[in-house]
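*Asks:* We have chain R; now place chain B onto it with these hints.
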Amino acid sequence: MKTNKNLKKQNYILLLVVLIIPVVALWMGGDSEFGGADTMAADAIDNAKEAYTPWFESVWAPPGGETESLLFALQAAIGTGVLAYFIGYIRGKKVASDAK
Amino acid sequence: MTKKNLLILFIVLLPLQAFGMHIMEGYLPAQWSVIWSIVFIPFLFLGVKSVRQQLSQAPERRMILAMVVAFAFVLSSLKLPSVTGSSSHATGMGFGTALVGPMAMSVVGCIVLLFQVFLLAHGGITTLGANAFAMACVGPIITFVVFKALQKSKCSLRIALFTAAVIGNLATYVVTSIQLALAHPDSISGFQGAFIKFIGIFGVTQVPVAIVEGLLTVIVINVLVQNDFIKESAIFSLSTIKGFGKNKLAHENK
Chain R
691 MKTNKNLKKQ NYILLLVVLI IPVVALWMGG DSEFGGADTM AADAIDNAKE
741 AYTPWFESVW APPGGETESL LFALQAAIGT GVLAYFIGYI RGKKVASDAK
Chain B
196 MTKKNLLILF IVLLPLQAFG MHIMEGYLPA QWSVIWSIVF IPFLFLGVKS
246 VRQQLSQAPE RRMILAMVVA FAFVLSSLKL PSVTGSSSHA TGMGFGTALV
296 GPMAMSVVGC IVLLFQVFLL AHGGITTLGA NAFAMACVGP IITFVVFKAL
346 QKSKCSLRIA LFTAAVIGNL ATYVVTSIQL ALAHPDSISG FQGAFIKFIG
396 IFGVTQVPVA IVEGLLTVIV INVLVQNDFI KESAIFSLST IKGFGKNKLA
446 HENK
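In order, the protein sequence lines correspond to chains R and B. Residue numbers for the first sequence follow this note's numbering, beginning at 691 and rising by one. Residue numbers for the second sequence follow this note's numbering, beginning at 196 and rising by one.
Think of the hints as simulated: they come from the structure by calculation, not from any bench. For glycine and all other residues, C-beta sits at the position ideal for the given N, C-alpha and C. Keep in mind that a hint or two might mislead.
Said to hold, decoys possible - Here are some, though not all, of the chain B residues that point toward chain R, as calculated from beta-carbon distances under 8 Å: (1) Ser251; (2) Ala253; (3) Met262; (4) Val269; (5) Leu275; (6) Leu315; (7) Phe393; (8) Ile394; (9) Phe397; (10) Leu410; (11) Leu411; (12) Ile414; (13) Val418; (14) Phe424.
To be verified - The calculated lysine-lysine pairs, modelled on DSSO-like cross-linking and capped at a C-alpha distance of 27 Å, are: (15) B/Lys392 <-> B/Lys343; (16) R/Lys790 <-> B/Lys426; (17) B/Lys426 <-> R/Lys783; (18) R/Lys784 <-> R/Lys699; (19) B/Lys349 <-> R/Lys699; (20) R/Lys784 <-> R/Lys695; (21) R/Lys695 <-> R/Lys790; (22) B/Lys349 <-> R/Lys695; (23) R/Lys698 <-> B/Lys244; (24) B/Lys244 <-> B/Lys349; (25) R/Lys783 <-> R/Lys699; (26) R/Lys698 <-> R/Lys784; (27) B/Lys426 <-> B/Lys349; (28) R/Lys698 <-> R/Lys790; (29) R/Lys698 <-> B/Lys349; (30) B/Lys426 <-> B/Lys244; (31) R/Lys783 <-> R/Lys695; (32) R/Lys699 <-> B/Lys244; (33) B/Lys426 <-> R/Lys695; (34) R/Lys783 <-> R/Lys698; (35) R/Lys698 <-> B/Lys392; (36) B/Lys426 <-> R/Lys784; (37) B/Lys343 <-> B/Lys244.
Next comes chain B alone, as it looks inside the complex:
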């Protein structure tokens, strides 16, 4: 049964052709490239620290990190058609946040973005700071906050996980739109007008994609729970940020 489950999962994860969804190379003026890079650097630093901490506490975390990067790779290559007639891809950041915490995601996001920049000409070096801040900082942090808030309101775990992943994905593109609007304010309506224009382009396209991302996140987490790899209580647990508590992973107890 699980075998069949996995088979279906991988058929779904088959690649679709894609361009993508980040700020394109050269489209941020130099001063904004510098500003967003400076904003992103502290997060990258915290991310590296978090990853190191998790690995030193339990070297088996290497596998989880590899899986989180792999999930982000697959999802960001899934270019889904959307209602606007254009297409966009998911980020896979919500899943990673659930397993390794929002801080470590800055490192994961960076890896994925660099791959896309150098091999696919998607995104860019000059826009890396801005894109990384939107996708690998704001997205995961919003995901984390939304999940915690829903969990407190006694929402069912999977609904909370789904909603958190969807909102985290959307938040990424809200930030992208803000970044573009700041750099390219409309000549008449200024920042606000430009923001509405960009959110119109990214936002609407992104909604169905975000929902798909939320669903895939729940599916893969389900597979992990099914195979006793992770306990439901370990998802987004606060100890995730400091590194998982040793007892959180079922396979480590055996």
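Chain R on its own, in the form it takes in the complex:
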């Protein structure tokens, strides 16, 4: 089993790699048209099959790009909030039990 110190070091290295990958991907991808891969797939269907029309519309779509980013930020914020609370909680527990 790895010691905590090794784990810490490992996490720093991993975080660095996590940061590097999207940067390299952006660099390799050239212009980053944030179309989204699902939009590309939808386009491929539209182009290949002139006969096909989507038969169901989204029940509700964000009225604009700004609202959409708000909702995405909200999604991430909710997730991060819960994760942060939880990790803080177990960290506090560990500190308390270590102090005993």
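*Replies:* Okay, now just chain B, sitting in the frame of chain R:
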């Protein structure tokens, strides 16, 4: 030190703008919507059963489940640029599979997909069954199988965890491509041609994203191990599926 660790973690987890990565609303013909929904329902049923079992055995599991959903929320809002010039997001399913088992993930995945459908117009109600089957059934099950196989071959725990999460993520998009190819076979080259076309769109975009997902999974598991929350031996343990064994969580012993 750990505080700093956490800080960096949350900076990394800051949201990027996103669209996403599932089959869009209306893009599956009605019969396929029905078929994939029928395929998904038994998994959802097993998932609910597994979640109930875990909660009745140890109500503290509520926290773990909340964390698994939270992780999936964060990761699916991370829209990462990829080499193809388009972008895609991770699923967070590998992490959840490691903690609550592949079955319970069908429930977790469903929650995340429903949020995306109703608030972000990403994915869709008619494609929910298909998307859930790809992301919340096949992904976690493949992750689980890959991890077990690597563990048997005496692979190091973290490499196994990383690889399992990456392959699980990729498997999701292979299934998505199969689903699209079945519904929209190419007029000339048929299913095969269509599959290659869709895997070209999803697959290549997905590789760097899958790697990031694998790394983040290992990082968060590391943080949990560091804080004595979970023992390394408890990750993906078979008892995870039936609900954790009581002694598996360090904080419950104290």
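*Asks:* Would you mind marking each hint as holding or not holding in the structure?
*Replies:* Evaluated hints:
The beta carbon of B/Ser251 is not positioned within 8 Å of any beta carbon in chain R (closest approach about 21 Å), and the interface hint is therefore violated. At its closest, the beta carbon of B/Ala253 sits 15 Å from a beta carbon of chain R; the interface hint therefore is violated under the 8 Å criterion. Below 8 Å, beta-carbon pairs count as interface contacts, and B/Met262 has one with chain R at about 5 Å; its hint therefore holds. Because the beta carbon of B/Val269 sits about 4 Å from the nearest beta carbon in chain R, less than 8 Å, this interface hint is met.
Hint status for B/Leu275 relative to chain R: holds, with the closest Cβ pair at about 5 Å, below 8 Å. The interface hint given for B/Leu315 holds, since its Cβ lies 6 Å from the closest Cβ of chain R, which is under the 8 Å cut-off. Interface hint at B/Phe393: satisfied, since its Cβ lies 6 Å from the closest Cβ of chain R, which is below the 8 Å cut-off. For B/Ile394, the interface hint is violated, the least distance from its beta-carbon to any beta-carbon of chain R being 10 Å, above 8 Å.
Below 8 Å, beta-carbon pairs count as interface contacts, and B/Phe397 has one with chain R at about 5 Å; its hint therefore holds. Interface restraint check for B/Leu410: the shortest CB-CB distance to chain R comes to about 5 Å, inside 8 Å, so the restraint holds. A cut of 8 Å between beta carbons decides the hint on B/Leu411: the least distance to chain R is about 6 Å, and the hint holds. Interface hint at B/Ile414: satisfied, since its Cβ lies 5 Å from the closest Cβ of chain R, which is below the 8 Å cut-off.
Taken as an interface hint, B/Val418 checks out: its beta carbon lies about 6 Å from the nearest beta carbon of chain R, inside 8 Å. For B/Phe424, the suggested interface contact is upheld, since its CB lies about 4 Å from the closest CB of chain R, less than 8 Å. For the suggested pair B/Lys392 and B/Lys343, the alpha carbons sit about 32 Å apart, so the restraint of at most 27 Å is broken. At roughly 21 Å between alpha-carbon atoms, R/Lys790 and B/Lys426 fall within 27 Å of each other, so this suggested pair holds.
Distance check on the hinted pair: B/Lys426 and R/Lys783 sit about 15 Å apart at the alpha-carbon level, within 27 Å; holds. Straight-line distance between C-alpha atoms of R/Lys784 and R/Lys699 comes to about 20 Å, which keeps the hinted pair within the 27 Å bound. Of the pairs offered as hints, the one joining B/Lys349 and R/Lys699 holds, with about 23 Å between alpha carbons and a cut-off of 27 Å not exceeded. A threshold of 27 Å between alpha carbons decides the hint, and for R/Lys784 with R/Lys695 the separation of about 16 Å falls inside it, so the pair holds.
Distance restraint check for R/Lys695 and R/Lys790: the Cα-Cα separation of roughly 21 Å lies within the 27 Å cut-off, and the hinted pair is therefore satisfied. Note on B/Lys349 and R/Lys695: the hinted pairing holds, with a Cα-Cα distance of about 24 Å set against a maximum of 27 Å. As the CA atoms of R/Lys698 and B/Lys244 are separated by approximately 37 Å, the hinted pair breaks the 27 Å bound. For the hint pairing B/Lys244 with B/Lys349, the CA-to-CA distance comes to about 32 Å; that exceeds 27 Å, so the pair is violated.
Taking the CA atoms of R/Lys783 and R/Lys699, the gap is about 23 Å. The hint holds against a cut of 27 Å. The hinted pair formed by R/Lys698 and R/Lys784 meets the criterion: a straight-line CA distance of about 16 Å does not exceed 27 Å. At roughly 18 Å between alpha-carbon atoms, B/Lys426 and B/Lys349 fall within 27 Å of each other, so this suggested pair holds. Taken as a hint, the R/Lys698 and R/Lys790 pair is honoured in the structure, with Cα atoms around 24 Å apart against an allowance of 27 Å.
Between R/Lys698 and B/Lys349, the direct Cα distance comes to roughly 23 Å. Compliance with the 27 Å bound is thereby established for this hinted pair. Simply put, B/Lys426 and B/Lys244 have alpha-carbon atoms about 25 Å apart, close enough for the 27 Å limit, and the pair holds. A threshold of 27 Å between alpha carbons decides the hint, and for R/Lys783 with R/Lys695 the separation of about 19 Å falls inside it, so the pair holds. A threshold of 27 Å between alpha carbons decides the hint, and for R/Lys699 with B/Lys244 the separation of about 39 Å lies outside it, so the pair is violated.
Pair hint B/Lys426 plus R/Lys695 holds up; C-alpha atoms about 16 Å apart against a cutoff of 27 Å. A threshold of 27 Å between alpha carbons decides the hint, and for R/Lys783 with R/Lys698 the separation of about 19 Å falls inside it, so the pair holds. With a CA separation close to 42 Å, the supplied pair R/Lys698 and B/Lys392 exceeds the 27 Å bound. Of the pairs offered as hints, the one joining B/Lys426 and R/Lys784 holds, with about 13 Å between alpha carbons and a cut-off of 27 Å not exceeded.
Proximity of B/Lys343 to B/Lys244 is assessed by CA-CA distance (about 23 Å); at most 27 Å being required, the pair is judged to hold.
Violated hints, in rising order: 1, 2, 8, 15, 23, 24, 32 and 35; the structure is consistent with all others.
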